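4 protein chains.
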Amino acid sequence: MPSQTFILTFVCDDMPGIVANVTNHIFKSGGNILESHQYNDIETNRFFMRTAYRVADPAGSTALEAGFEAIAAHYGMDYRIRARSQRPKVLILASKADHCLADLLYRRRIGELDMDVTGIISNHPRDTYASLDFGDIPFHHLPTIPGNKAAQESQIWALFQSTGSELAVLARYMQILSDDLAAKFSGRCINIHHSFLPGFKGAKPYHQAHQRGVKVIGATAHYVTADLDEGPIIEQDVERISHSDTPDDLIRKGRDIERRVLARAIRFHLDGRVLVNGPRTVVFRD
Amino acid sequence: MPSQTFILTFVCDDMPGIVANVTNHIFKSGGNILESHQYNDIETNRFFMRTAYRVADPAGSTALEAGFEAIAAHYGMDYRIRARSQRPKVLILASKADHCLADLLYRRRIGELDMDVTGIISNHPRDTYASLDFGDIPFHHLPTIPGNKAAQESQIWALFQSTGSELAVLARYMQILSDDLAAKFSGRCINIHHSFLPGFKGAKPYHQAHQRGVKVIGATAHYVTADLDEGPIIEQDVERISHSDTPDDLIRKGRDIERRVLARAIRFHLDGRVLVNGPRTVVFRD
Amino acid sequence: MPSQTFILTFVCDDMPGIVANVTNHIFKSGGNILESHQYNDIETNRFFMRTAYRVADPAGSTALEAGFEAIAAHYGMDYRIRARSQRPKVLILASKADHCLADLLYRRRIGELDMDVTGIISNHPRDTYASLDFGDIPFHHLPTIPGNKAAQESQIWALFQSTGSELAVLARYMQILSDDLAAKFSGRCINIHHSFLPGFKGAKPYHQAHQRGVKVIGATAHYVTADLDEGPIIEQDVERISHSDTPDDLIRKGRDIERRVLARAIRFHLDGRVLVNGPRTVVFRD
Amino acid sequence: MPSQTFILTFVCDDMPGIVANVTNHIFKSGGNILESHQYNDIETNRFFMRTAYRVADPAGSTALEAGFEAIAAHYGMDYRIRARSQRPKVLILASKADHCLADLLYRRRIGELDMDVTGIISNHPRDTYASLDFGDIPFHHLPTIPGNKAAQESQIWALFQSTGSELAVLARYMQILSDDLAAKFSGRCINIHHSFLPGFKGAKPYHQAHQRGVKVIGATAHYVTADLDEGPIIEQDVERISHSDTPDDLIRKGRDIERRVLARAIRFHLDGRVLVNGPRTVVFRD
Numbered sequence: 222m223p224s225q226t227f228i229l230t231f232v233c234d235d236m237p238g239i240v241a242n243v244t245n246h247i248f249k250s251g252g253n254i255l256e257s258h259q260y261n262d263i264e265t266n267r268f269f270m271r272t273a274y275r276v277a278d279p280a281g282s283t284a285l286e287a288g289f290e291a292i293a294a295h296y297g298m299d300y301r302i303r304a305r306s307q308r309p310k311v312l313i314l315a316s317k318a319d320h321c322l323a324d325l326l327y328r329r330r331i332g333e334l335d336m337d338v339t340g341i342i343s344n345h346p347r348d349t350y351a352s353l354d355f356g357d358i359p360f361h362h363l364p365t366i367p368g369n370k371a372a373q374e375s376q377i378w379a380l381f382q383s384t385g386s387e388l389a390v391l392a393r394y395m396q397i398l399s400d401d402l403a404a405k406f407s408g409r410c411i412n413i414h415h416s417f418l419p420g421f422k423g424a425k426p427y428h429q430a431h432q433r434g435v436k437v438i439g440a441t442a443h444y445v446t447a448d449l450d451e452g453p454i455i456e457q458d459v460e461r462i463s464h465s466d467t468p469d470d471l472i473r474k475g476r477d478i479e480r481r482v483l484a485r486a487i488r489f490h491l492d493g494r495v496l497v498n499g500p501r502t503v504v505f506r507d
Numbered sequence: 222m223p224s225q226t227f228i229l230t231f232v233c234d235d236m237p238g239i240v241a242n243v244t245n246h247i248f249k250s251g252g253n254i255l256e257s258h259q260y261n262d263i264e265t266n267r268f269f270m271r272t273a274y275r276v277a278d279p280a281g282s283t284a285l286e287a288g289f290e291a292i293a294a295h296y297g298m299d300y301r302i303r304a305r306s307q308r309p310k311v312l313i314l315a316s317k318a319d320h321c322l323a324d325l326l327y328r329r330r331i332g333e334l335d336m337d338v339t340g341i342i343s344n345h346p347r348d349t350y351a352s353l354d355f356g357d358i359p360f361h362h363l364p365t366i367p368g369n370k371a372a373q374e375s376q377i378w379a380l381f382q383s384t385g386s387e388l389a390v391l392a393r394y395m396q397i398l399s400d401d402l403a404a405k406f407s408g409r410c411i412n413i414h415h416s417f418l419p420g421f422k423g424a425k426p427y428h429q430a431h432q433r434g435v436k437v438i439g440a441t442a443h444y445v446t447a448d449l450d451e452g453p454i455i456e457q458d459v460e461r462i463s464h465s466d467t468p469d470d471l472i473r474k475g476r477d478i479e480r481r482v483l484a485r486a487i488r489f490h491l492d493g494r495v496l497v498n499g500p501r502t503v504v505f506r507d
Numbered sequence: 222m223p224s225q226t227f228i229l230t231f232v233c234d235d236m237p238g239i240v241a242n243v244t245n246h247i248f249k250s251g252g253n254i255l256e257s258h259q260y261n262d263i264e265t266n267r268f269f270m271r272t273a274y275r276v277a278d279p280a281g282s283t284a285l286e287a288g289f290e291a292i293a294a295h296y297g298m299d300y301r302i303r304a305r306s307q308r309p310k311v312l313i314l315a316s317k318a319d320h321c322l323a324d325l326l327y328r329r330r331i332g333e334l335d336m337d338v339t340g341i342i343s344n345h346p347r348d349t350y351a352s353l354d355f356g357d358i359p360f361h362h363l364p365t366i367p368g369n370k371a372a373q374e375s376q377i378w379a380l381f382q383s384t385g386s387e388l389a390v391l392a393r394y395m396q397i398l399s400d401d402l403a404a405k406f407s408g409r410c411i412n413i414h415h416s417f418l419p420g421f422k423g424a425k426p427y428h429q430a431h432q433r434g435v436k437v438i439g440a441t442a443h444y445v446t447a448d449l450d451e452g453p454i455i456e457q458d459v460e461r462i463s464h465s466d467t468p469d470d471l472i473r474k475g476r477d478i479e480r481r482v483l484a485r486a487i488r489f490h491l492d493g494r495v496l497v498n499g500p501r502t503v504v505f506r507d
Numbered sequence: 222m223p224s225q226t227f228i229l230t231f232v233c234d235d236m237p238g239i240v241a242n243v244t245n246h247i248f249k250s251g252g253n254i255l256e257s258h259q260y261n262d263i264e265t266n267r268f269f270m271r272t273a274y275r276v277a278d279p280a281g282s283t284a285l286e287a288g289f290e291a292i293a294a295h296y297g298m299d300y301r302i303r304a305r306s307q308r309p310k311v312l313i314l315a316s317k318a319d320h321c322l323a324d325l326l327y328r329r330r331i332g333e334l335d336m337d338v339t340g341i342i343s344n345h346p347r348d349t350y351a352s353l354d355f356g357d358i359p360f361h362h363l364p365t366i367p368g369n370k371a372a373q374e375s376q377i378w379a380l381f382q383s384t385g386s387e388l389a390v391l392a393r394y395m396q397i398l399s400d401d402l403a404a405k406f407s408g409r410c411i412n413i414h415h416s417f418l419p420g421f422k423g424a425k426p427y428h429q430a431h432q433r434g435v436k437v438i439g440a441t442a443h444y445v446t447a448d449l450d451e452g453p454i455i456e457q458d459v460e461r462i463s464h465s466d467t468p469d470d471l472i473r474k475g476r477d478i479e480r481r482v483l484a485r486a487i488r489f490h491l492d493g494r495v496l497v498n499g500p501r502t503v504v505f506r507d
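Protein chains in written order, with this note's numbering: chain A, 222 to 507; chain B, 222 to 507; chain C, 222 to 507; chain D, 222 to 507.
Hints were generated in silico from the structure; no laboratory data involved. Here the structure is a predicted model, which means the values were calculated and not measured. Be careful, since some hints might not be right.
Given that identical chains are not distinguished, each listed pair holds provided it fits within a single copy or across any two copies.
Straight-line Cα separation of at most 30 Å, DSSO-like style, residue types lysine-lysine; simulated pairs [what the hints assert, rightly or not]:
| no. | residue 1 | residue 2 |
| --- | --- | --- |
| 1 | K425 | K249 |
| 2 | K370 | K317 |
| 3 | K425 | K405 |
| 4 | K422 | K317 |
| 5 | K317 | K425 |
| 6 | K249 | K317 |
Start from the sequences and build out the full structure, keeping to the hints where you can.
And the structure:
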């Protein structure tokens with residue numbers, strides 16, 4: 222029987238012995254640790270861990286997971302064990318600017334982002350993405366018109382649920398989610414904001430950046446919360462600019478930053494490398 | 222007679238023929254252009270230029286500068302011609318954290334920053350910098366106590382004037398300049414703020430950054446204006462951080478960014494490479 | 222009549238008065254300079270300039286160009302004047318890894334890279350790029366088999382000429398051009414090498430980088446010459462890596478660097494911003 | 222009794238159960254893990270770990286270390302346990318360019334690099350560093366003259382031994398160590414090479430970089446081995462440059478990169494974060 226790789230992540234209050242007990246359990250259950258990261262937040266006394274382990278046979282993994290429940294209960298852990306082979310289901314939302322969408326579909330196609338895209342939602346029609354091959358991914362045109370926000374969001378939420386998606390990606394989706402929808406998605410929706418937060422929140426951040434005269438621009442991938450552009454930051458990156466860059470130049474240069482920042486954030490999230498820590502994240506990068 | 226290098230910088234409304242007229246004048250006056258940069262701000266229709274030229278003999282340079290007045294008047298230029306050999310006079314202010322001060326003194330000593338430091342002012346006493354060799358640079362201990370701000374600032378201004386300084390550098394000088402003093406310095410005072418503006422203005426920016434959970438920190442050198450941390454940005458740089466960085470780690474990592482950002486900004490300014498453009502700057506980097 | 226924008230680039234021996242004469246001529250001919258860069262290589266005494274100017278009417282631009290011939294002859298200039306509206310013709314070559322190809326086609330589609338792609342050549346068949354929409358760009362499958370290198374290269378050259386292409390892009394095209402073909406392309410062929418040259422020339426650079434244990438990887442876009450990976454470098458960029466990155470991780474992380482480096486290099490080249498300076502380039506970046 | 226922090230590092234062949242046994246032992250001995258990193262090199266099947274733990278009382282730490290011997294023997298570990306309070310002894314060597322030396326002394330002075338500098342050796346006399354306050358660190362002028370290399374190196378080695386130093390830092394020390402001395406230092410000598418290795422080994426790397434026309438320069442900190450500039454790389458960093466940078470500009474810009482790269486490498490090494498892995502290093506960064 223082929224061995225399987227599992228990703229265990231958990232958060233709990235810190236105390237002596239956690240790692241010893243967890244790794245001991247994995248070892249006793251026939252697991253072999255491939256990679257392990259931990260972090261103690263001394264301010265809050267919370268402990269974060271991510272361990273990738275391999276088990277030779279399915280019986281072993283079942284026993285491992287069953288036995289882990291007691292440890293998790295003992296420490297009051299918020300935990301998750303996931304098989305690497307289980308492809309995550311992701312729902313992507315986009316608007317007019319499709320550079321992030323095109324980039325994510327490419328990475329999926331070549332196997333770099335191993336995910337099952339359950340659907341592509343846009344407030345723009347299919348022909349906006351005429352050159353993009355969606356394969357057999359269903360496309361949903363959910364236009365927004367004055368007064369229909371709640372109805373349109375209901376459709377988004379319905380699709381998220383009916384497809385069994387675990388992550389929604391706002392890939393330069395330009396509609397602001399209502400507090401209600403943001404709350405529903407809590408921790409399961411990643412947005413790419415085209416600025417280096419906390420600077421330039423809201424609309425037209427490149428124009429704001431140009432106005433302010435910054436010498437570096439950036440992009441930020443974060444979990445969506447009710448507060449616009451305030452959610453826990455997952456990943457950021459930057460690029461130097463100069464006085465000669467117009468807002469259009471910033472938009473152009475920004476596309477590259479947005480693409481790679483969003484892709485990294487999604488990759489980290491799907492690989493269980495991101496753990497929310499209040500208003501922040503713990504990211505066990507690879 | 223040895224040739225001399227001059228730096229000409231000017232700003233004026235843009236119109237056809239400026240470069241032709243200016244370069245023609247330099248050529249006719251026996252000047253040879255070594256380096257030249259220009260920028261047209263299409264939003265404001267303002268034109269910015271910096272030209273470094275060499276003139277074989279002093280008579281030629283005098284004629285060149287005399288003749289330039291008419292061109293400058295014709296175009297309504299705000300201009301300056303400075304001989305490279307003329308060492309700028311710089312007044313440095315510091316507080317407890319002396320990494321920027323130490324760094325600037327080192328660069329000056331090895332000839333990297335060619336400036337005449339007219340004085341070092343601090344609200345802390347001399348022994349705060351026991352290990353630093355100030356050479357023959359006068360040190361002025363100007364402590365701040367409740368109620369003496371205006372008096373203390375008068376001493377700063379008096380020193381700036383009496384030493385004939387052209388630039389004041391707030392090298393992690395932690396006292397906030399009053400609107401009055403900021404206005405007096407206008408365009409002649411560079412501050413290093415230990416954050417990547419416009420984020421985390423004001424006090425304890427590293428603690429703010431830690432709280433916000435950004436994944437990148439930075440530092441910003443800017444001209445001081447009445448609005449705290451709002452003046453035209455000259456230079457910025459960043460460094461990646463992670464969830465495991467405590468505020469003290471950010472302070473430590475930030476020191477390196479602050480040192481190099483401030484040094485670059487000062488170098489650009491002293492070499493006539495920075496031209497203020499409203500709330501922003503044009504920086505002809507080298 | 223609508224105004225047109227032109228890009229003038231030239232190289233010549235440096236001497237006083239060049240800029241004055243050139244800008245004066247542009248001005249007298251009714252041109253208005255939009256952007257201008259120059260560089261004096263003091264080692265070789267060569268002068269490089271790029272000026273973008275606008276002329277109100279076609280008659281003016283014709284006169285400007287006609288009159289420029291005398292100036293060019295006087296200074297022994299190697300020069301070029303090109304209308305910005307004239308879309309450059311570019312031939313792209315690719316192999317199995319299509320990330321650069323896909324990226325260039327995307328940028329062209331959204332108008333970021335304004336070029337006329339005259340053809341896509343690959344040593345792999347069309348279905349290798351099943352998901353990529355080539356639109357009406359002709360695809361040419363030119364397989365390489367032992368013994369047919371010269372014949373296959375003749376076809377490449379024939380296509381380059383018959384399409385009137387001015388630039389060939391080796392977008393992770395993995396066949397090494399013969400000295401003969403490299404010489405024919407001289408200065409008109411850009412390659413992306415997946416390492417930070419001069420390190421890790423030749424095959425499997427990511428494996429070489431992994432073996433060497435570098436902490437930073439990069440990609441290099443350069444003009445092709447007879448010496449493999451030795452041609453004048455146009456653009457480079459890097460990314461931090463760690464001991465935990467396997468060669469496959471480097472390949473993955475490297476794709477993003479390769480894409481942006483190649484795209485920037487092509488953009489600079491097509492916009493007349495790159496001038497070859499012996500074994501190096503002068504790049505007037507935007 | 223106050224608690225103490227210890228750093229345990231070890232390398233051994235990988236096999237299931239190592240982490241469980243090690244962390245279990247720490248736990249049972251009353252230790253509390255503060256930070257832990259591990260890495261499995263799947264190519265060589267070698268396992269690397271660094272764990273920082275705190276023990277409430279000295280008796281506990283003695284027992285922990287005594288008990289660890291059996292575990293280490295069982296796994297064939299190459300290991301080390303060091304108390305954080307034990308300040309490492311470091312010998313610094315410098316030559317004419319003193320920017321790295323000045324920078325390290327500054328970081329030590331403000332407590333950023335917690336080390337006991339046992340001496341400063343230079344092939345140049347003390348007055349080369351007139352402005353630098355060495356405090357009570359002994360300075361040794363060991364000039365090199367034709368024919369005295371072996372004798373001069375004997376003095377270096379004698380000082381290294383007599384001072385009980387554990388690390389020698391070549392802070393832009395420009396004499397090439399003989400194979401003999403390099404071998405003696407093995408793993409205990411860090412050099413800063415002023416290029417982004419593997420490019421531009423040997424002399425005048427900035428001139429080499431300028432000649433090659435790279436668009437990015439860097440610096441590399443590595444362990445010294447018999448092969449010049451070939452030892453395991455610890456840390457690297459880069460900076461963008463352009464065609465207008467002369468070799469002197471590269472030297473100037475390079476100083477900043479060298480300073481921070483060397484300082485980081487030393488910091489990592491002294492904090493037990495660097496483990497040699499054949500020709501490479503594993504670096505558990507903070």
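Structure-based check of each hint:
no.	hint	result
1	K425 with K249	neither (55 Å within a copy, 41 Å between copies)
2	K370 with K317	within (18 Å within a copy, 45 Å between copies)
3	K425 with K405	within (26 Å within a copy, 35 Å between copies)
4	K422 with K317	within (20 Å within a copy, 34 Å between copies)
5	K317 with K425	within (14 Å within a copy, 38 Å between copies)
6	K249 with K317	neither (53 Å within a copy, 45 Å between copies)
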